[in-house]
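K.L.:
Chains A and B, in that order, give the protein sequences.
Just so we're aligned, residue 184 is where the first sequence starts under my numbering, counting upward by one.
Just so we're aligned, residue 184 is where the second sequence starts under my numbering, counting upward by one.
Mixed in with the good hints there might be a few duds.
Remember, identical chains collapse to one label, so a pair may be satisfied in a single copy or spanning two.
Said to hold, decoys possible - Calculated cross-link-like contacts (lysine-lysine; reagent style DSBU-like; alpha-carbon spacing at most 30 Å):
(1) 397 <-> 462
(2) 436 <-> 494
(3) 462 <-> 186
(4) 307 <-> 514
(5) 548 <-> 262
It is worth saying that the hints were derived from the structure and are not from the lab.
There are 2 protein chains.
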Amino acid sequence: MIKRYLLAPGPTPVPPEVLLAMARPMIHHRAPEFDKLFGEVRDGLKWLFQTNGDVLMLAASGTGGMEASVSNFLSPGDKALTINGGKFGERWGKLCKTYGAQVTELKVEWGRAIDPQLVADSLKKDPGIKAVYVQASETSTGVAHDIKTLAQIVKGHPDTILVVDAITALGVFDIKTDEWGIDVVVTGSQKALMLPPGLAFVSVSEKAWRLAEKAKNASFYFNLKKERENQQKSQTAYTPAVSLIIGLQEVLKMLKAEGLEQVFGRQANLAMAMREGMKAAGLALLPKESPSDALTAVLAPEGVDGQAIYKNLRVQYGITAAGGQDHLKGKIFRLSHMGYMDRFDVIMAVAATEMVLKGLGHPVKLGSGVAKAQEILMAK
Amino acid sequence: MIKRYLLAPGPTPVPPEVLLAMARPMIHHRAPEFDKLFGEVRDGLKWLFQTNGDVLMLAASGTGGMEASVSNFLSPGDKALTINGGKFGERWGKLCKTYGAQVTELKVEWGRAIDPQLVADSLKKDPGIKAVYVQASETSTGVAHDIKTLAQIVKGHPDTILVVDAITALGVFDIKTDEWGIDVVVTGSQKALMLPPGLAFVSVSEKAWRLAEKAKNASFYFNLKKERENQQKSQTAYTPAVSLIIGLQEVLKMLKAEGLEQVFGRQANLAMAMREGMKAAGLALLPKESPSDALTAVLAPEGVDGQAIYKNLRVQYGITAAGGQDHLKGKIFRLSHMGYMDRFDVIMAVAATEMVLKGLGHPVKLGSGVAKAQEILMAK
C-alpha cells in the first residue's frame, strides 16, 4: 500500500470541496442556471486577474490559451519578440512561427531570468515589434521573469503589447494585470487554480483588443472576439467545460475566503521552505536568480542521475515529481508547491528527497533539510 | 488555508477508492445484487478474522458489537471476568453490569498490559466464570494485551469463553481467531478497516454459540443468533448499512491485494517509526510495555499541557489527534497510525509534534525525531 502524492508542476491536487462540486449532476450550458454560474465565475476571475477587462474562458489546456494569444493578435508577417528561458519560452517562438510571424528570440540561459534591459533595447531597435511574449514563471526551470519591469518597458510603446504566460504564476504570486499594464495574461486550470486540466483563461487589455481588430490570422475555436461577445452575455461561443467551471466557482470561493495576499504569503513561505530545505540537505538549485514560488528545480548532485531521483520518488515513495526537459534531463528534478499545498507537503518533499538520495548511496544527513523547512514553516 | 489530517485513533482516513465506491447509487438490501455483495464480503471477513466461523455484521458502532458480545452470552447472575487496563476495559465492566453479570475486574495500571498469569489464577480460583473480557489493543493507553497467551489459558476451561475487543487491533496486527482459539472477536469499521463509523463485526466460535444457547438476557436488535440465521443466507435481520458494506467490499479488495502479512508489516514499521521518532525528539511514551501498533500514546513533557499539544496540532497544523481520558487528560496525547496510513503520515506527525512543542516553548531540536523516523521508514 502506497499513497499517491501529486507534487508535479501540474496537474496539482484538487481540494475535496472542489471534487465534490464537480461530481454534482451535469447542468445544461444554455440554461439560466449556467448563466448565473458563469456570471459569478467571470467576476471572480477579474478579481483574481486584478483586472477590469475581460477574462475569457476556453475549453482547452494552457497551450490553447497561448495559441489564442498569438493567433488573435498577430498577422502573418508581423514582428514578435519572444523570450526563451526554457521549454515554454521556446513554445512562444514555435507558436508565433506557426502563425507566420517574424520572430526575434531573446535566448536566456535556462536557470536565469531575462534582463529587462535587453527587451527595452530590442524594442528601441525595432519599434515595429507588435508583441512581446514571455513567461511569468518558466515551469521548465523554476525561474520567474520580472513582469512588472517588462510591463513598464512595453507600456512606453503604444503599438506593442505584452503577452504573459502566467500558467504557473497566477494565484501563486502577485500579477497586477491592470496596474502594471499587462495586455494579455494566460493561465490554465490545473496549476494554482487547483482544478483538473481543461480550462484556459486569457485576459485582454483595450490596447490588445485594438491590435486584435487588425489581426488577419484565421481562428475559429480560439476566436477571442467571438468569445468576448458571448461571454459578456454569460455564455460561451462553443460548449464550455461545465464541470470544470462548477469546480472553478468553488476554487474562487476558497481563494476569496483566504484572501489574495494570504495566498501569495502562503505560497512564498512554502517556496522558501522548499528551497532552503533542499539547500540544507546539501543540494543546489537550478535557478541562479529569481526563483519562482510555484515550483523548485533542484540540481541532482554530482554523480547522481536526476531521472533516478524522480523515478524513485514515484516508485518507492508514491510522489509524482517532474524531471528535467531537453538538455536538463537527468540533471534536475522539479517539485511543485503551488495550489492546494500546505506545510506538510513541503516537509514530505524534503524528507522523501533525503531518503531517496540516501537510498541511492549519496551522503545526506536525514532530517537536515527537514529541520530547516520546519523552522521556516513554523514562522508562518 | 489549512489541510485537515485525521490522525485520531478512529475514525481514520478513508481511501479515495472506498469513498468513490460508497458514492455509488444506493441498492436495495432485499435484492439479488445485495446478496452477492454480502456473500463476497462475508467470505472476505472470514479471511480477515482468520476464522471459519461466522463473522456477523451489525449496523452499529464498535460499542454495539461489544454490547452484543455481552448480552448474547451472559445471563443475569453469570460470572464475568473483565480486564480494565484503560477506558475500554472499564467499558466491559459497565456492559457486564448492565446485563446483570457478577463482575470480577482485574485492574491494570493504565499504560501496562495484563499479566496473563493473573487471569489463569482467577479462572482457577473461580471456574464458574462464564466469560473473560479483554482488549487486544486498549485505545485509551496504546497498550496491547497478550491475546495469544490469554486464549491458551481460557482454552483449558471448557465452560469459559474469551471475548476480545479487537476494535483497534484487527487489521493492524495478527489476531489468529481460530488457531489461537478466541471465542468472540469484536471490531468496528472506522479503525484499520478504513471505513466511516457505522459497522460492527462479531466473530463467534462454536464454544461461544453453545453458551449463547443458554443465555437469558433480552436482545432484539443485537441478536446474534437471529443474525446468524439471516447472514448465512446472505441477508441481515434488520436494514444493513448498505453503503458501508459496499465500501467494505473495496477495503477487503485492497487488503487482499496487499496481503495480511504485508499489512501487519507496514503497520508495525509505521508504529516503530512513530515511537522511535517521538523518543528521538526527547519524548517518553505512556506504555511501559507491549505498545500497540495501532496508535502511540505520548507523555506530555514535564511542564507542558498535553491538551495544549493536542489542541495546537489541530488549530495550528490541521492535525486531529486525541488527548488523554480521565486521569490521563492533559498528561498524554495520542496519534494513530492504523489503517490508510503511510510513511509520510508518520513523518508529518513527528514533524508537527516537534513544531508544536517548540511553539509552546519546550526545548526540542527540530528534525531530530523526523530523522529517526526517516531511518526506520527507509528500511522498509
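K.L.:
For each hint, tell me whether it holds in the structure or not.
P.N.:
To see whether the hints hold, each was checked on the structure:
1. 397 <-> 462: neither (50 Å within a copy, 71 Å between copies)
2. 436 <-> 494: between (36 Å within a copy, 27 Å between copies)
3. 462 <-> 186: For residue 462 and residue 186, the Cα distance is within 30 Å both inside one copy (27 Å) and across copies (26 Å).
4. 307 <-> 514: Neither, since 37 Å and 72 Å both go past 30 Å.
5. 548 <-> 262: Neither: 53 Å inside a copy, 59 Å across copies.
Checked against the numbered hints listed earlier, the structure breaks hints 1, 4, 5; every other hint is satisfied.
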